[in-house]
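Work out the full structure, taking the sequences as your base and the hints as a guide.
Numbered per the working numbering, the sequence shown finishes at 666, counting up by one with no gaps.
Among the clues, some could well be false.
To be verified - Straight-line C-alpha distance at most 27 angstroms; calculated DSS-like pairs for lysine-lysine: (1) K390 x K431; (2) K394 x K475; (3) K305 x K263; (4) K431 x K475; (5) K394 x K431; (6) K431 x K484; (7) K394 x K263; (8) K431 x K305; (9) K140 x K127; (10) K431 x K396; (11) K484 x K390; (12) K396 x K484.
Calculated from the structure, these hints are not laboratory results.
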Amino acid sequence: MDRTRPLSLLLAGALAVGGLAALSPAARAADTELARNGGFEAGLDGWNCTAGSGAVVTSPVHSGTKALQATPAGSDHAKCSQTITVKPNSAYTLSGWVRGSYVHLGVTGTGTTDVSTWTQSAPDWQRLATTFTTGAHTTSVTLYTHGWYGTPAYQADDLSLHGPGGDPAQVPAAPTGLAAGSPTSTSVPLTWPAVAGATSYKVYQGGAPLAATTGTSYTATGLTPGTAYSFQVSAVNGAGESAKSAAVTATTTSGGGGGAGLPARALVGYLHASFANGSGYTRMADVPDSWDVINLAFGEPTSVTSGDIRFRLCPVTECPNVESEADFKAAIKAKQAAGKKVLISIGGQNGQVQLATTAARDAFVASVSKIIDEYGLDGLDIDFEGHSLSLRTGDTDFRNPTSPVVVHLIQAVKTLKARYGAKFVLTMAPETFFVQLGYQFYGSGPWGGQDPRAGAYLPVIHALRDDLTLLHVQDYNSGPIMGLDNQYHSMGGADFHIAMTDMLLTGFPVAGNAERFFPGLRPDQVAIGLPASTQAGNGHTTPAEVNKALDCLTKNLNCGTYRTHGTWSSLRGLMTWSVNWDRFNGWEFSRNFDAYFGQSAAGRS
Numbered sequence: 062m063d064r065t066r067p068l069s070l071l072l073a074g075a076l077a078v079g080g081l082a083a084l085s086p087a088a089r090a091a092d093t094e095l096a097r098n099g100g101f102e103a104g105l106d107g108w109n110c111t112a113g114s115g116a117v118v119t120s121p122v123h124s125g126t127k128a129l130q131a132t133p134a135g136s137d138h139a140k141c142s143q144t145i146t147v148k149p150n151s152a153y154t155l156s157g158w159v160r161g162s163y164v165h166l167g168v169t170g171t172g173t174t175d176v177s178t179w180t181q182s183a184p185d186w187q188r189l190a191t192t193f194t195t196g197a198h199t200t201s202v203t204l205y206t207h208g209w210y211g212t213p214a215y216q217a218d219d220l221s222l223h224g225p226g227g228d229p230a231q232v233p234a235a236p237t238g239l240a241a242g243s244p245t246s247t248s249v250p251l252t253w254p255a256v257a258g259a260t261s262y263k264v265y266q267g268g269a270p271l272a273a274t275t276g277t278s279y280t281a282t283g284l285t286p287g288t289a290y291s292f293q294v295s296a297v298n299g300a301g302e303s304a305k306s307a308a309v310t311a312t313t314t315s316g317g318g319g320g321a322g323l324p325a326r327a328l329v330g331y332l333h334a335s336f337a338n339g340s341g342y343t344r345m346a347d348v349p350d351s352w353d354v355i356n357l358a359f360g361e362p363t364s365v366t367s368g369d370i371r372f373r374l375c376p377v378t379e380c381p382n383v384e385s386e387a388d389f390k391a392a393i394k395a396k397q398a399a400g401k402k403v404l405i406s407i408g409g410q411n412g413q414v415q416l417a418t419t420a421a422r423d424a425f426v427a428s429v430s431k432i433i434d435e436y437g438l439d440g441l442d443i444d445f446e447g448h449s450l451s452l453r454t455g456d457t458d459f460r461n462p463t464s465p466v467v468v469h470l471i472q473a474v475k476t477l478k479a480r481y482g483a484k485f486v487l488t489m490a491p492e493t494f495f496v497q498l499g500y501q502f503y504g505s506g507p508w509g510g511q512d513p514r515a516g517a518y519l520p521v522i523h524a525l526r527d528d529l530t531l532l533h534v535q536d537y538n539s540g541p542i543m544g545l546d547n548q549y550h551s552m553g554g555a556d557f558h559i560a561m562t563d564m565l566l567t568g569f570p571v572a573g574n575a576e577r578f579f580p581g582l583r584p585d586q587v588a589i590g591l592p593a594s595t596q597a598g599n600g601h602t603t604p605a606e607v608n609k610a611l612d613c614l615t616k617n618l619n620c621g622t623y624r625t626h627g628t629w630s631s632l633r634g635l636m637t638w639s640v641n642w643d644r645f646n647g648w649e650f651s652r653n654f655d656a657y658f659g660q661s662a663a664g665r666s
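Here it is, written out as structure tokens:
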């Protein structure tokens with residue numbers, strides 16, 4: 062929250078061309094075409110493309126009537142691959158025709174040296190070719206083609222792997238050891254051991270096909286809280302699909318975050334309790350009944366790495382009309398008696414908090430508890446901004462974070478939730494850079510060079526999703542963000558809020574990796590964050606545009622060009638920075654909220 066990108070990728074490519082091995086007449090006689098459907102005349106049959114990036118087109122084509130077109134998006138470079146049975150100690154030629162920029166053709170799993178070839182620019186069809194020799198124990202290889210990050214779609218056609226065919230593939234055995242991890246309220250993680258000879262796996266839910274994956278894990282998402290589900294998995298290769306595994310049953314949690322006593326439609330606002338910020342000081346007793354959650358801004362650390370959080374009312378020199386401590390505490394109790402929730406918000410623009418050590422973690426728990434107890438508060442709002450959260454190099458899986466500042470924050474919040482129980486209200490107000498940007502970039506990236514803060518809130522949200530009452534991402538002070546339609550969206554209008562909220566409710570592959578899918582949140586856990594006035598922050602949205610966004614997300618009306626992945630009538634509501642700026646602006650934001658939902662602040666349902 063305001064009190065007063067370029068991401069770089071290192072592009073590297075290597076043209077690996079081996080000498081054409083001399084083949085005996087007998088070996089030459091055994092050579093054959095091994096690539097299946099290399100001309101894509103049968104669609105994508107035999108091919109797997111990452112993140113749904115591949116499609117078959119009828120123009121342009123190199124020969125026949127069809128060709129592959131694959132589109133890089135975010136950090137996914139549109140890789141399409143096929144696994145092929147080969148013979149050990151044998152020579153092969155890989156070739157194909159491509160169009161586009163930075164198009165690669167290669168092979169992995171050779172048992173010797175994996176090879177690739179690429180073209181920087183092919184405005185028309187260009188042939189790529191390379192050779193390799195398999196190792197002494199190699200029985201299969203994977204050929205692939207892909208583009209590059211930030212480039213347009215590329216085309217490929219007549220892909221070929223020529224050489225001696227391997228022994229016919231056998232249908233793999235059924236997987237054993239399928240296990241379900243710890244469910245959330247809407248998701249169940251599944252894992253299983255690899256099956257010899259399998260090139261991919263199919264996941265079944267209740268006996269019906271659910272998904273296909275090349276890895277040995279999958280997270281089923283979009284599930285109903287407090288519900289039992291049955292899962293199975295089968296193994297697949299070129300010879301066919303195995304029998305299904307034994308079923309495993311898992312029950313989703315009931316959603317511990319719940320509404321924590323909130324009305325079905327909630328209005329959340331930050332109250333400048335410790336500073337004025339040009340909008341003027343607003344006494345707690347003067348906050349209108351429209352506000353259901355009041356976040357006290359801010360609790361700040363004694364130093365960036367101390368974890369020791371302090372809160373004090375605005376000094377009289379800055380806020381001449383500030384109430385006494387006794388009156389402030391009495392007003393909090395009065396709000397709570399009227400059904401309102403009052404939280405301490407930690408961080409903000411100036412309050413950088415890095416829990417880099419266990420000592421800082423423990424100091425955070427102790428000091429935040431002291432504030433909550435002293436003022437009789439209902440919970441905690443996490444508003445970490447700037448450099449509070451970042452991912453260290455190699456921390457690439459949001460489901461299993463290793464960065465200390467992330468791990469310690471998760472542990473600290475879980476400790477606080479356990480201390481105060483089910484009624485503890487937990488909210489978060491990250492910026493889009495730390496959440497939705499994770500669709501494209503996560504941390505420093507697989508090769509380094511990216512901003513390590515990109516997507517850094519995702520592991521925190523995911524680990525605490527069952528304790529989370531509300532997530533209200535700041536849809537302001539943001540650069541353009543790519544939505545699930547792979548288009549960039551800019552703040553200030555309904556479109557931005559629709560696209561950004563749709564991502565939270567639908568879920569998305571993190572950094573384009575379909576096997577690392579961030580599951581969507583429940584709609585009752587999500588509110589849209591906006592500035593209350595043009596003075597409050599960049600990206601102010603007029604009431605008319607706010608209402609369009611609400612129409613689209615809750616009623617599937619007035620959606621514009623963006624198409625959501627669902628309709629969420631139970632979307633919790635709106636958050637704004639801030640109560641003070643809304644008062645400065647004649648209460649336009651809160652009055653529009655009350656008018657839109659057509660109910661009094663005392664009895665929304």
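Structure-based check of each hint:
| no. | hint | verdict |
| --- | --- | --- |
| 1 | K390 x K431 | 14 angstroms, holds |
| 2 | K394 x K475 | 25 angstroms, holds |
| 3 | K305 x K263 | 9 angstroms, holds |
| 4 | K431 x K475 | 16 angstroms, holds |
| 5 | K394 x K431 | 17 angstroms, holds |
| 6 | K431 x K484 | 18 angstroms, holds |
| 7 | K394 x K263 | 55 angstroms, violated |
| 8 | K431 x K305 | 54 angstroms, violated |
| 9 | K140 x K127 | 18 angstroms, holds |
| 10 | K431 x K396 | 20 angstroms, holds |
| 11 | K484 x K390 | 20 angstroms, holds |
| 12 | K396 x K484 | 16 angstroms, holds |
Going through the hint list in order, the structure does not satisfy hints 7 and 8.
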